[in-house]
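Trainee: Heads up: the protein sequence lines correspond to chains L and P, in order. Position 182 (the first sequence) corresponds to 182 in our numbering; numbering is contiguous. Position 114 (the second sequence) corresponds to 114 in our numbering; numbering is contiguous.
Among the hints, erroneous ones may be present.
Simulated restraints, written as ranges between beta carbons of each label pair [claimed, not checked]: (1) 204/P x 167/L: 52 to 60 angstroms; (2) 189/L x 40/P: 22 to 30 angstroms; (3) 198/P x 47/L: 48 to 56 angstroms; (4) 69/P x 87/L: 37 to 45 angstroms; (5) 99/L x 26/P: 47 to 55 angstroms; (6) 82/P x 47/L: 52 to 60 angstroms.
The set of hints was computed from the structure by calculation and includes no laboratory data. What you are looking at is a predicted structure, and each value in this text was computed from that prediction instead of being measured. The beta carbon of each residue, even a glycine, is placed where N, CA and C say it ideally should be.
What follows is each chain in one-letter form.
Number of protein chains: 2
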Amino acid sequence: MGLVRVAGFAVSLDGYGAGPDQSIEAPLGRRGQELHSWFYPTRTFRSMIGQDGGSEDRDDDFARRSMEGFGAFILGRNMFSPSRHAWTDDGWRGWWGDNPPYHAPTFILTRHARDPIVMNGGTTFHFVTDGIASALAQAKAAAGDLDVKIAGGVSTVRQYLQAGEIDAMHLVVSPIILGSGEALFAGINLPELGYQVTESVSTDLATHVFLSR
Amino acid sequence: MGLVRVAGFAVSLDGYGAGPDQSIEAPLGRRGQELHSWFYPTRTFRSMIGQDGGSEDRDDDFARRSMEGFGAFILGRNMFSPSRHAWTDDGWRGWWGDNPPYHAPTFILTRHARDPIVMNGGTTFHFVTDGIASALAQAKAAAGDLDVKIAGGVSTVRQYLQAGEIDAMHLVVSPIILGSGEALFAGINLPELGYQVTESVSTDLATHVFLSR
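Extracted from the complex, chain L is given alone in its bound form (with noise of 0.2 angstroms):
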C-alpha cells in the first residue's frame, strides 16, 4: 500500500501556495507563477514541456522527486481548468496539452460530473463529483502498490490535511511575498494534526521543506 503525499508544493513567505484572480492568462493567480522560480530552471521541468537542457543540481533532484513513484494524482477543480460551475462544451482539456506530467490515472475534485478525458501519455482525467474521501478511495485502487499524490492546489491540499489523510509533504518556500492568494497554513495547525519536520534543505532559490506523520 502506498502512501499519500505533497509533493514540490510551492509557498510564498507569507504562507501562499497561489496568488489570487487565477484566469487563463494566469493560472496560478497573480504573481503566482513566482513561487515556481526554482522549478523552471531544472532539467525535469523542460523535459516536461519538451526541452532539452535545465540545471541539474539539488533544485532538480527535488523537482523530479516531486514526480517520481505516484500511480494515481488528485486534483481541485481549479488546478485543472479557469472556468467554475458547470461544464461546457469549450473543448478545455486541462493546462498541459495533450500529453500532461500526470502519466497515470487522475482525479479531478468537481460539483459538476464530466465523462472522463483519455489523454497521451497515460494521463486519464477522471471527474469525481462524490466528495474527497471518494477521489481517495478511487486513486487508492489506481496507484496500487505506488503513492497517490494530492497535486493541488491550495484548497485540495487543505481539505486532505484535514481529514487527517496526507501521509507526508514536500513543500517548497520560495522567498516571495505575494500578500493575498490562496492561504495554504491559515487556520490548520499541523503540529496539532501529527506533522513535523523531517527535514529541511536550502537551495539558492528556495527551501525544501520536509514533514511528515
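Dock chain P against chain L, hints included.
Mentor: Frame of chain L, contents of chain P only:
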C-alpha cells in the same frame, strides 16, 4: 535621519513569530525558542550572554548586523515582561539581566505608566502610554542619525507595518512549523503596503530575507 527597521526577526514556515502561551518559563511562547536556532550558536549571541566562542559564519554576520546601527529600540509590553495589566512592585526589569543587549534608549509600549529604568551598558527602559506614534517620535529623537529598531514582538511589528512606518525588514525564516502562536502576516498584505523582497540568503539553519519599500 535614520531608518525605522525590523532586523533578525524570526518566523516559522507557517508564519508565527512567537509560540502560544507566553510565560516566565517560555518568554517566546511554547516552542518559540526553536525560531532562533540559527541565532544561539553565533558568536554574536554568545557574546551577548557573556560567553566566548560561537560560530563566525553568515548567520553570525546577520545576527551582528541585526543589532548594529540602532540608536533606539521599541518593544511591546509582552517582549519586556510576562506580566499583564498594571505594573506591580515585583522587581521585574526585563528578561535580560542587568545589562540588556540594547545599549540605547528602549521604549516599551504599555497602557500603564511607569518610571524609566536605567540599566547597565547604556540601556534605559522608557514606558510609553500614549501610543505607537508617540513612541516612534521619542525613539527617533533619541536615535538622532542612527536607525530605530522595531524589536518586536509580533503585535508591535504588525502595528508599525500597518501604520506604514517601517522602512526595511530583515526576516529570518526558520524551517519549523509551530501550528499556533503569534501570526506575523495574517491579514497584512505586504506588497500592497509597498514592500518587496530585495535579497534572500539561505544558510544551513534559516533563510534570511530582506524587504524594503
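Trainee: State the violated hints by number, sorted upward, taking the hints as numbered earlier in the document.
Mentor: 1, 3, 4
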